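Novice: Okay, here's what each chain looks like letter by letter:
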Amino acid sequence: MASTEFVAPRTGRIEPQYNRMRNRGGTFEMSAWLFMRLSGVILVVLIFGHLITNLLVGGGINDVDFGFVAGKWADPFWQFWDLAMLWLAMLHGTNGLRTIINDYAEKTRTRMWLKTVLYICTAVIIILGTLVIFTFDPCIPGSTLEVCN
Amino acid sequence: MSTELPEPASVVKLAPGVGGGGEIPKFDITLRVRRYDPEVSEEASWEDFKLTMYGTDRILDALHKVKWEHDGSLSFRRSCAHGVCGSDAMRINGRNRLACKTLLKDLDTSKPITVEAIKGLPVEKDLIVDMEPFFQSYREVMPFLVAKGHEPSKERYQSVEDRERFDDTTKCILCAACTSSCPVFWTDGQYFGPAAIVNAHRFIFDSRDEAGDMRLEILNDKEGVWRCRTTFNCSEACPRGIQVTKAIAEVKQAILARSL
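Same order as they appear, the protein sequences are chains P and R.
Taken in order, the first sequence gives residues 1 to 149; the numbers are from full-length UniProt numbering.
Taken in order, the second sequence gives residues 1 to 260; the numbers are from full-length UniProt numbering.
I should point out that these hints are in silico values taken from the structure, not numbers from a laboratory.
A hint or two may mislead.
Said to hold, decoys possible - The calculated lysine to aspartate or glutamate pairs, modelled on EDC-like cross-linking and capped at a C-alpha distance of 16 Å, are: (1) R:K222 x P:D103; (2) R:K222 x P:E29; (3) R:K148 x R:D209; (4) P:K107 x R:D188; (5) R:K246 x R:D168.
No experiment lies behind these values; they were computed from the predicted model shown.
So here's chain R without its partners, still in its complex pose (with noise of 0.2 Å):
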């Protein structure tokens, strides 16, 4: 036995042609990527790939068009695909951005898009880099709420000011754009980073928390804030917005009026 739904009363119904997918502009790309294998070749090297794409794909579908239909040993990381995981964090023409967030219409598409790992970590494969010196450093500074007493018996309050406080500092999703984006970083990687400056920041200045002092000992250190050099290019590569380079200076300042 069947029985038909009846279409809901909401429905709108569109005149033939329109909103249809064909109306959607294609055009070709190169796409320039930075392989590396080191079961093949101890050596990086830049590989072409000539695509169609349309107006509404991002690097990201460049990619898996590359991985679906022409080199199935393109290696890349990506889970959610819509910019909440940060899992694909890449050098795009030279900035570090979210694959999945950069639309191709934005970028210049009469010269070569090149992509490559973000800077500074170890490369694994392709596009792939050793994450665990980033996470080194996040778990340093102590990511979690550290409260002393009883558990409460309801949820701890608190104002919508005090919270408005360290608002920015929550957006990060942990995608490593803005260490990797960090000329210090580059250096020898010893610098805490700005990823690990911003999720201690987020507790820091949070009212419920009381471990920030012990966070901003950590952060004295001769690795910490003090090695960053303002260049904002943490800020530029952010891809939730956040003001990196700010709250990197208000940790500064936090310590030092702590010390004074």
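With the rest of the complex left out, here is chain P (with noise of 0.2 Å):
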């Protein structure tokens, strides 16, 4: 005898792509959106004050070059504003190209590899623009700056 099987019609049966991994709690998501919000504020202030005192102080752009950045990174304050202004940039950036990441990939795989490249990206500019502001050194051969004499 022939049998018809019928199944019963949305009675738990879901479609295994909306599946939800059931993960490990956690507060990293609920950090990072904190972390986008005060850092936010804070570049704010960081960025404004860049922007003053680069452009709009003295003779403005005109005086930007190699002896004014000299100048500046001989200060401890703009030292760790700089650096500030580096770290919080590139995290908040970072966090940023993060969730577009994980909300415009569809597959997991692409998700891993777009993220990884970006995390590479973050790693080096961080650490190189770390070592540029620690390491300055303004006495470059033949220079006529006062602090070289």
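Both chains come to you apart, so use the hints to assemble them.
Specialist: Here it is in structure tokens:
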């Protein structure tokens, strides 16, 4: 005897791609969300401070040259200002791109690769930038700056 | 034996020609419906229907006209037809609306009116989608009162202010207009979605409920409230006017306050 089987309509049956991975919990996403808000507020202050001191005060953009940067980085205050700006802007931007990748990439594998590239770029830029700020030597050969005499 | 009942005293006699049906404006529309039938073709396609409709008609009336008079194979869900059951959410002119609450006269009838299934959920036929993933998320937030101790022998009292706290989110009819308007949900369907968060909000901020912490923990997930990008699509789509994005923000703040 032929039997006909009917699948019960929508009773616990769910398309597999909609099943959510039961996950580890943790507060990473919350910390990231909070970091975006806090770093955003701090960056507004840091970036406008940077723009005002570099472009508005004194001779403005015409004064910005090697000597100007050397003079600024001779002061630990500006070293840490620029360091904070570098780190916060890079992490803020990286986290923004991370969420964009999460939102727009549809496959787990694509997500993983895009994010790997992103994290490598971020690490390189942060490390290089930090090195430049702390190992900066204004006394290039033939320098006429006062500190080098 | 027949007895004629007297007319009630409140009856108002209208002059002939007043309040008749003849004054309702009539117009022609083109209804462009996204058709999909997996038994015929794997591809979905648009189909136009030319209809003569009245100023009092809604999208749902136009769909009924098509189904009853033109093409009986057109499939869509509707139950109460009065904006309460939440069965007939669909994408009308690119926006999520209830077909039974969208009047034709409020749309631009000079152009074809597009009607398609809500996005982000698997389409089963024409305007019908599989709602199971949507209800799965809804169930996960435990949308029911959780209270410890003995059953009370009288009502659980609540002050007007405490009731007011979550009044907005009690209005949800689970039509999925918000969740299926959310671009984050469209991506991969993993996000809990606005509707689940709204229904969690309804209990999290209920003074009688004792499982708020558990719900906050559930929504602190990777796919929980932190995936919300505040695009306000959900608030715009909600046929009940719930401030959905605001509710999500309140849940975010509650999770944050609990963690710090």
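Novice: It remains to establish, for every hint, whether it holds in the given structure.
Specialist: Consistency of the hints with the structure:
Distance check on the hinted pair: R:K222 and P:D103 sit about 12 Å apart at the alpha-carbon level, within 16 Å; holds. Annotation: proposed proximity of R:K222 to P:E29 holds, straight-line Cα distance about 6 Å (limit 16 Å). The straight-line distance between the Cα atoms of R:K148 and R:D209 is roughly 9 Å, inside the 16 Å bound, and the hint therefore holds. In summary, the hint linking P:K107 to R:D188 is supported, as the alpha carbons are separated by about 8 Å, within the 16 Å threshold.
The suggested pairing of R:K246 with R:D168 holds, with an alpha-carbon distance near 10 Å, which does not exceed 16 Å.
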